Amino acid sequence: MAAFVRNQWYVAAYGREIGRELFARTVLGEALVFYRTEAGEVVALADRCVHRRYPLSESRLDGDNVVCGYHGFTYDKAGTCVFVPGQARIPRTARVPSYPVVEQDSFVWVWIGDRDKAETTPIPRAPWLDDPGYTTVSGMEPLAARYELLVDNLLDLSHETYLHGGYIGTPEVANTPITTEVDEDNRVIYVSRHMADAACPPFYSKSTGIEGRITRWQDIEYHPPCLYLLHSRIAPVGLLPNDDGSDPDAFHVEVVYAITPETEHSTHDFWAVARDFALEDQGVSDFLAENNRTVVMQDVTALDILEKIIEAEPEGYQELSVNIDTGGLAARRILKRMAVPSEKLQSEKPIDTETPVKVSS
Amino acid sequence: MSERVAMLRGDTVYRIHWELGTDVLIGVCHCGAEHESEDPVELWEWLLAHPEGHTTPAVEPVRREPVAAGVR
Numbered sequence: 001m002a003a004f005v006r007n008q009w010y011v012a013a014y015g016r017e018i019g020r021e022l023f024a025r026t027v028l029g030e031a032l033v034f035y036r037t038e039a040g041e042v043v044a045l046a047d048r049c050v051h052r053r054y055p056l057s058e059s060r061l062d063g064d065n066v067v068c069g070y071h072g073f074t075y076d077k078a079g080t081c082v083f084v085p086g087q088a089r090i091p092r093t094a095r096v097p098s099y100p101v102v103e104q105d106s107f108v109w110v111w112i113g114d115r116d117k118a119e120t121t122p123i124p125r126a127p128w129l130d131d132p133g134y135t136t137v138s139g140m141e142p143l144a145a146r147y148e149l150l151v152d153n154l155l156d157l158s159h160e161t162y163l164h165g166g167y168i169g170t171p172e173v174a175n176t177p178i179t180t181e182v183d184e185d186n187r188v189i190y191v192s193r194h195m196a197d198a199a200c201p202p203f204y205s206k207s208t209g210i211e212g213r214i215t216r217w218q219d220i221e222y223h224p225p226c227l228y229l230l231h232s233r234i235a236p237v238g239l240l241p242n243d244d245g246s247d248p249d250a251f252h253v254e255v256v257y258a259i260t261p262e263t264e265h266s267t268h269d270f271w272a273v274a275r276d277f278a279l280e281d282q283g284v285s286d287f288l289a290e291n292n293r294t295v296v297m298q299d300v301t302a303l304d305i306l307e308k309i310i311e312a313e314p315e316g317y318q319e320l321s322v323n324i325d326t327g328g329l330a331a332r333r334i335l336k337r338m339a340v341p342s343e344k345l346q347s348e349k350p351i352d353t354e355t356p357v358k359v360s361s
Numbered sequence: 001m002s003e004r005v006a007m008l009r010g011d012t013v014y015r016i017h018w019e020l021g022t023d024v025l026i027g028v029c030h031c032g033a034e035h036e037s038e039d040p041v042e043l044w045e046w047l048l049a050h051p052e053g054h055t056t057p058a059v060e061p062v063r064r065e066p067v068a069a070g071v072r
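Chains as they are written, first to last, in my numbering: chain V, 1 to 361; chain P, 1 to 72.
Honestly, the hints are just simulated from the structure, not real lab data. Fair warning: this is a prediction, and the values are worked out from it, not measured in the lab. All residues carry an ideal CB built from backbone N, CA and C; glycine is no exception. Any given hint might turn out to be false.
SDA-like cross-link-like pairs, simulated, lysine to any residue; straight-line CA separation at most 25 Å [as the list claims (entries may be wrong)]: (1) V/K336 x P/S37; (2) V/K336 x P/E52; (3) V/K336 x P/R9; (4) V/K336 x P/E45; (5) V/K308 x V/H159; (6) V/K336 x P/P51; (7) V/K206 x V/S138; (8) V/K336 x P/G10; (9) V/K117 x P/G10; (10) V/K336 x P/H30; (11) V/K336 x P/A49; (12) V/K336 x P/V41; (13) V/K336 x P/T12.
Among chain P residues calculated to face chain V with C-beta under 8 Å, some are [as the list claims (entries may be wrong)]: (14) L8; (15) G10; (16) I16; (17) H17; (18) D23.
Excised from the complex, chain V in its bound form:
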């Protein structure tokens, strides 16, 4: 299993989770506290007072400053201590680390790693989540398993038929050939299942008005380590996108996962489902939210079991990989490379770990 991939942006929260209350969340083993300034800017600081390591998340806000709930050490939004109780001198080392933060596509992204690399590392996009042309339902489930297990799970959709039978699995999904692509330079893994002629699940015929059989595409686009996109496209049989990429006559569901390690053995499993049809239909929203949450929880249950098994087993267990694992194997390899500090890679070919991911916009 790969180690943490540092020097990357990770989804720490939905923007709606962060307000004028102090909010604790651990990312890559680092305990963080988040809040919004009075002007609405999101701040991320280490969640430990420098004095006696009391969690700042158990403290209170005074304007834009955090006042430690134990002895009153006070920090500004950059983490600099501006008040020490009972004395005038503020020790030079009295500051808590602050973390670069960007709000984008409804997420709060936090940078974990060397601060000077943050600006030159683009954040992958999930624009549908913040697009008025789409309606989105979303949530987050805690996973008591290492993040690599979730990556493995999401890169192979053939498990839908078995683990999620009756929900999203249909016979065509398990029987459709897949093409796996890896863009080495841009570090993107893409797994395509294009069903040219498939039955239309009742949910889609009802919500889209399509009658008869459909062309159904399921395209995974994984930007390791954090962002996973599943482009689901449904159209009457034979209808393809235009040459310029526009696709006005098809229906799209964009399923987005943000896979954020909490600790070595636990993961924040953010999920969102955006659609470009039946935008005002609350029944469709309720169905998609309930359905996807059920699917996520089925995965969570299975992966929590797997984590316990892996933790208890002796080293060196030999897994068996078959054709359905082609994408998962590609993801593991790239994650493993990304987890290695760049200086250790210099003697290796062929990937430049410092090449920023090209970001779609």
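We have chain V already, so just place chain P on it with the hints.
Okay, now just chain P, sitting in the frame of chain V:
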């Protein structure tokens, strides 16, 4: 075999096609070389060994499907 899908446009894209109705995986390197295998681990090793063991055949170009809306 069925028509090949190609969605990514980069200069260094490795592809593995799983041929319909068979156990065979077909690896296609960005240099154009192809290799068949029934083991994805072995096939990735072959692809990533580029250019070692890669001889570019006179291949017919893959059919590129238009990219769906919202896809890079």
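Okay, the hints, checked on the actual structure:
| no. | hint | result |
| --- | --- | --- |
| 1 | V/K336 x P/S37 | holds (24 Å) |
| 2 | V/K336 x P/E52 | holds (22 Å) |
| 3 | V/K336 x P/R9 | holds (24 Å) |
| 4 | V/K336 x P/E45 | holds (15 Å) |
| 5 | V/K308 x V/H159 | holds (20 Å) |
| 6 | V/K336 x P/P51 | holds (22 Å) |
| 7 | V/K206 x V/S138 | holds (22 Å) |
| 8 | V/K336 x P/G10 | holds (21 Å) |
| 9 | V/K117 x P/G10 | holds (24 Å) |
| 10 | V/K336 x P/H30 | holds (22 Å) |
| 11 | V/K336 x P/A49 | holds (17 Å) |
| 12 | V/K336 x P/V41 | holds (15 Å) |
| 13 | V/K336 x P/T12 | holds (19 Å) |
| 14 | L8 | holds (5 Å) |
| 15 | G10 | holds (4 Å) |
| 16 | I16 | holds (5 Å) |
| 17 | H17 | holds (5 Å) |
| 18 | D23 | holds (7 Å) |
Violated hints: none; the structure is consistent with every hint.
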